[in-house]
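Trainee: The residues making up each chain are set out below.
Number of protein chains: 2
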Amino acid sequence: MSRPATAAVIVIGNEILSGRTKDANLSYIAAKLGEAGIRVMEARVVPDVEAAIVEAVNTCRGRYGYVFTTGGIGPTHDDITARCIAAAFGVPFGRNEEAERRLRGYYDPDQVNEARLSMADMPLGVELIDNPVSIAPGFRLENVYVLPGVPKILQAMVDGLVGSLEGGTPIASRALTVYAPEGEMAAMLAGVQARFPTLDLGSYPFFRQGRFGTTLVCRGADTLAVAQAHAALVEEATRMGVESAVFDAATARDDALPPGPIRP
Amino acid sequence: MSRPATAAVIVIGNEILSGRTKDANLSYIAAKLGEAGIRVMEARVVPDVEAAIVEAVNTCRGRYGYVFTTGGIGPTHDDITARCIAAAFGVPFGRNEEAERRLRGYYDPDQVNEARLSMADMPLGVELIDNPVSIAPGFRLENVYVLPGVPKILQAMVDGLVGSLEGGTPIASRALTVYAPEGEMAAMLAGVQARFPTLDLGSYPFFRQGRFGTTLVCRGADTLAVAQAHAALVEEATRMGVESAVFDAATARDDALPPGPIRP
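As you go down the protein sequences, you meet chains A and B in turn. Heads up, the numbering used here is the position in the first sequence plus 3, with the first residue counted as 1. Heads up, the numbering used here is the position in the second sequence plus 3, with the first residue counted as 1.
Bear in mind the hints are in silico, worked out from the structure with no lab data behind them. The reader is advised that the hints may include incorrect statements.
When chains are identical, the list treats them as one kind, so a pair holds in a single copy or across two.
For lysine-lysine, the following BS3-like pairs were computed, each having C-alpha atoms within a straight-line distance of at most 25 Å [claimed, not checked]:
no.	residue 1	residue 2
1	LYS35	LYS155
2	LYS35	LYS25
3	LYS25	LYS155
For clarity, every value in this text was computed on a predicted model and none was experimentally measured.
Let the sequences and hints guide you as you build the complete structure.
Mentor: Structure, rendered in structure tokens:
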């Protein structure tokens, strides 16, 4: 079995750094890549500034197997990602004929304008990434995949891409939710971690449906070890008399905190 | 008027990079700092790995006025942020007496254990950051502010901190929502951007309440220029016959996309 492949995600856009917009793309990309055995090792959020984009792309493409950028490939003047990718690779930037053909085929003739056609301006030598939602393609240059920021369009494009990526061993993950604070589970969890040093055991506190609890997560490429570690957590929690549940704490929302003390 | 101060946010945690958990802290910190005239220039998401945390902290603390880290300061074995901050600064790491005093005063004696007391292990020479929710304090070392990952606790601590930071000129922001695709607004928007070169004009497409549209945002330290640019956008949109609205597209959620074509 091969080792897990690695990736970085670069989120491009002033609106994320100003707090105006919450990024929704990192978690989607990371989960999809994880299923394919590709592990996101780092993510960066950078502004719509050429030097910042070029530095992030060049650092990450040298370090990781794959780089995915999101944002900045629309039709307006603040969409500078494609130009920055050309600058990062030191290749010419200009109209991609196939991308222009797709755009002209999609818009009515009186809807075609320079702004929309500018979505076909790309670095030389790219491979287009199909956009089944709004046609304007993304592109790949070497190990850098350039995707849009609008979550519904990005998701469709990632779904189409992921089968073509060379993955490694998929990362297995199992979780146990217990109704006990982190501070009471810590010693037990550290003990199980010591028995399974190749796995990542994580602890995530929550308050939901009027109760405090902790989600204990085992993750790793070794499926058998993940199952064994999970079984050990269940056994230890049972021995401690802690109530556990299969409630999916990762996707549910936190409730408002109660007025009483919170003791992690 | 001083220039806006700068900051970076470092989000620490495997659960964010695996896609299991969506980060909710960057947008909160960025918005609060923006109100205080501090501009977040970059954010990084790093795993629970010492070398990655140390590199991100040391790069960012040299580049920006403030660095805020989130996550990894709880009681479990995967909470390694405090130790990594000590390593980044090259200072000793050990029990902070005041932090231990606060923890012992908060927990009942039979609830005190080594895991919980480990939340008082910090780099030498820190200033504590009050935690009004669950007591275990964060800390500041030079320009690095170390905060927890649980959003409700982080938010309370940021609210308490922000008044003590040295801000710059607050960033003013005004938005106009139009019911027209980005591709039809691009030329007009670029024209207004050219008239106000000190501002950031951004364009954010959406589909909501059954309609497509674009939110045009003017941001900058010059409040008068922001108001003038916003007025110019309203005037141009009116002249184009585009329907506009004060609907807050930034905080509303996208609806599911309709089956028909989407033409940005």
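Trainee: All the hints need checking, so say for each whether the structure fits it.
Mentor: Taking the hints in turn, this is what the structure says about them:
{"no.": "1", "hint": "LYS35 / LYS155", "in the structure": "within (14 Å within a copy, 28 Å between copies)"}
{"no.": "2", "hint": "LYS35 / LYS25", "in the structure": "both (19 Å within a copy, 14 Å between copies)"}
{"no.": "3", "hint": "LYS25 / LYS155", "in the structure": "both (14 Å within a copy, 16 Å between copies)"}
In terms of the numbered hints stated before, the structure departs from none.
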